[in-house]
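Asks: Here are the chains, one letter per residue:
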Amino acid sequence: MSIIKKIAKKDLGKLLDEWSRDFTVFSPSKASGIARMEVWQGGEASFLDWYRNTVIPPKDIVLPLLEEMFSFSKSEEGYKLETPPADDSKRLIFGIRPCDARALSIIDMTYGDGYQDNYYMQRRNNTLLVGLGCTNPYDSCFCTALGGNPHDTTTMDVMLTDIGDGLLAEAVSQTGKELLQKTAELKAATEEDRTKAENVKQAAEKKISRNIETEGIAEKLRACFEDKEFWQQTAAKCVGCGICTLLCPTCYCFDISDEKTEDGGVRVRSLDSCSFSVYTKMPMENPRSEKWQRVRNRVCHKYEYYPMLFDTIACTGCGRCIRLCPVNWDITQTLNSLPG
Amino acid sequence: MENSNQSKLIAEAKARLQKGKVQRVIGFAQGSLRFVTTPLITSDVDELEKLVINPFIANNLSNYLVGLEGKTAITAKGCDSRSIVSLIQDNKIKREDVVILGIPCTGIIDLAKIEKLTGRDRDEIEDINREGDKVTVNIGEDKKEFAAKEVLYDNCLHCDVPTPEEYDVLIGSPVNPKPEAEEVKLKELKEKLPEERWRFWQEEFSRCIRCYACRNVCPSCFCQRCFVEESQPQWLAPAPHWQDNLLFQVVRSIHLAGRCTDCGECERACPVNIPLRSLTREMYDIVDDLFDCQAGSDKDTPPLMTAYEDEEAEGLFL
Numbered sequence: 177m178s179i180i181k182k183i184a185k186k187d188l189g190k191l192l193d194e195w196s197r198d199f200t201v202f203s204p205s206k207a208s209g210i211a212r213m214e215v216w217q218g219g220e221a222s223f224l225d226w227y228r229n230t231v232i233p234p235k236d237i238v239l240p241l242l243e244e245m246f247s248f249s250k251s252e253e254g255y256k257l258e259t260p261p262a263d264d265s266k267r268l269i270f271g272i273r274p275c276d277a278r279a280l281s282i283i284d285m286t287y288g289d290g291y292q293d294n295y296y297m298q299r300r301n302n303t304l305l306v307g308l309g310c311t312n313p314y315d316s317c318f319c320t321a322l323g324g325n326p327h328d329t330t331t332m333d334v335m336l337t338d339i340g341d342g343l344l345a346e347a348v349s350q351t352g353k354e355l356l357q358k359t360a361e362l363k364a365a366t367e368e369d370r371t372k373a374e375n376v377k378q379a380a381e382k383k384i385s386r387n388i389e390t391e392g393i394a395e396k397l398r399a400c401f402e403d404k405e406f407w408q409q410t411a412a413k414c415v416g417c418g419i420c421t422l423l424c425p426t427c428y429c430f431d432i433s434d435e436k437t438e439d440g441g442v443r444v445r446s447l448d449s450c451s452f453s454v455y456t457k458m459p460m461e462n463p464r465s466e467k468w469q470r471v472r473n474r475v476c477h478k479y480e481y482y483p484m485l486f487d488t489i490a491c492t493g494c495g496r497c498i499r500l501c502p503v504n505w506d507i508t509q510t511l512n513s514l515p516g
Numbered sequence: 076m077e078n079s080n081q082s083k084l085i086a087e088a089k090a091r092l093q094k095g096k097v098q099r100v101i102g103f104a105q106g107s108l109r110f111v112t113t114p115l116i117t118s119d120v121d122e123l124e125k126l127v128i129n130p131f132i133a134n135n136l137s138n139y140l141v142g143l144e145g146k147t148a149i150t151a152k153g154c155d156s157r158s159i160v161s162l163i164q165d166n167k168i169k170r171e172d173v174v175i176l177g178i179p180c181t182g183i184i185d186l187a188k189i190e191k192l193t194g195r196d197r198d199e200i201e202d203i204n205r206e207g208d209k210v211t212v213n214i215g216e217d218k219k220e221f222a223a224k225e226v227l228y229d230n231c232l233h234c235d236v237p238t239p240e241e242y243d244v245l246i247g248s249p250v251n252p253k254p255e256a257e258e259v260k261l262k263e264l265k266e267k268l269p270e271e272r273w274r275f276w277q278e279e280f281s282r283c284i285r286c287y288a289c290r291n292v293c294p295s296c297f298c299q300r301c302f303v304e305e306s307q308p309q310w311l312a313p314a315p316h317w318q319d320n321l322l323f324q325v326v327r328s329i330h331l332a333g334r335c336t337d338c339g340e341c342e343r344a345c346p347v348n349i350p351l352r353s354l355t356r357e358m359y360d361i362v363d364d365l366f367d368c369q370a371g372s373d374k375d376t377p378p379l380m381t382a383y384e385d386e387e388a389e390g391l392f393l
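These protein sequences, in sequence, are chains A and B. Throughout the first sequence, residue numbering follows our numbering, covering 177 to 516 in sequence. Throughout the second sequence, residue numbering follows our numbering, covering 76 to 393 in sequence.
Hints in this document: simulated from the structure, not taken from any laboratory.
Heads up, simulated PhoX-like pairs for lysine-lysine below, C-alpha to C-alpha not over 20 Å straight-line:
| hint | chain 1 | residue 1 | chain 2 | residue 2 |
| --- | --- | --- | --- | --- |
| 1 | B | 188 | B | 218 |
| 2 | B | 209 | B | 253 |
| 3 | B | 191 | A | 206 |
| 4 | A | 206 | B | 188 |
| 5 | B | 125 | B | 83 |
| 6 | A | 372 | A | 383 |
| 7 | A | 266 | A | 358 |
| 8 | B | 146 | A | 413 |
| 9 | A | 372 | A | 185 |
| 10 | B | 167 | A | 413 |
| 11 | A | 190 | A | 358 |
| 12 | B | 125 | A | 413 |
| 13 | A | 372 | A | 382 |
| 14 | A | 377 | A | 181 |
| 15 | B | 146 | B | 96 |
All figures in this text were calculated on a predicted structure; none of them were measured in a lab.
Okay, chain A solo, but in the shape it has when bound (with noise of 0.2 Å):
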């Protein structure tokens, strides 16, 4: 038996209380300067006024931009490592979008496949994962292009839809039906509620207009893999920068590196991109080292590589990297124009 529930959204606030006694909230906010997810500082829940997606993806909270591993020193007793302490808070992500949360189960496939990574696996098993279906997805977005849709609940805890003057909330998992038993705040819902909120998500598909032919998309790359010209000609415009892959939800590459101090030093991981000439530097040989051949590698490692590996394009559509890009590159007219 589903569970579902009803907030209205004047009480969204004491709602994000009450799960705050439980869990770290993170929420959508703009206090930083930009829109992302940030703790939850109580009082009005006024994002729901502005809030479409962040700039900066959800993954920021299991997989930061920059993290300790661990530090080292040395003294007269000789070498000493230390790991920060495991961080085991309970966090819960508000407002989490469709395709951010399916992007995490993405990550997952790698950080979590025969190698566990500690670091990011114990963040995202203490995570909770509270979507919100979207009612306005924007111009740039092709969620549906590939098997997501704007209230999809993959990978979700919770899943919300706005109702207009409220939010109903249907739990997913059995850790969301657990959660929505146990809250106070939140009531009971309507059949007139359920039918406002299949209406919802009906008009929020159809506003989805960008499309991508992902039929046999792998095997179109493998073939043009070579074409040279093809590649330079559609990273002609490309700049070169991170904002793509840095502002990826799915991409999680990092580098290492250790920082001195005054006794010793911390080795640190910070995101990477592939879209760095230094990214594939070795002492005598950079396989990367033109821009046509990292514009091609982030999207075969997307489309190709990802659904050799895993069966699974490592792409939501969320649309980012064409919102975000300063020269408006935009990979779905890549995709769409592949030759062959």
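With the hints as your guide, set chain B onto chain A.
Replies: Chain B alone, transformed into the frame defined by chain A:
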């Protein structure tokens, strides 16, 4: 910037590409998002039909000229023409390899400002029209009118070269510079106490994700190997600590002294809204005050940092 100019631009570009005078044309085309334009780099005559001139042609396309073989025709607004000249001064491109299709410009519309003023995102707006000093924005039934100066990019408000100084053809009539408006952001920053200003930049650079878009879109950042990529010695941590992020911009600004034309591209490209132009504009003004130098204003003079005059002699060096 009306449509007859666009037709003229297409004709001029076509003529040169068809006759083989240039190998390619670089200009603007309509982008894949509403109002947004995108660079068009093409050797295909038919593609030139896509060229546009409108109030959204924001990018500084001169960035694409470095490293190209053969001759290129390029559309250039006033600021872009200065960047082209600056690249000629720095010996990165040759004047004879570039055909400059100059576009007199009355300012480019900053969509972020329109979004802020209307409370609506770019893709929720039906239409934006500029007529003279007025910009009208249509959102559904609602029609809003703004003074152009409310919605143009900051650097456009302080532009002293609306008409390209260096060009082969001028598409349209020259535009006179408007009296300079006050640099509000910069003034406010300068009025802060040093420790307040430090906190301000600390906060701003805490958002930096080190995507290097500011560097990569900058025509003056043409180093083949940027100092941030050096590892022996390592000048900067590759990880995005705010201190390193700030240091990166400070060093970048100093490297750009005498090269930066205040085109504003770095600030436009920044995905996390760091007001980078407050640094580069300040550097631009300092260079102007100290050396009476505006980058890219004279292709026959050597770049500022390689020029030396006797009266600049300082005891330390001579």
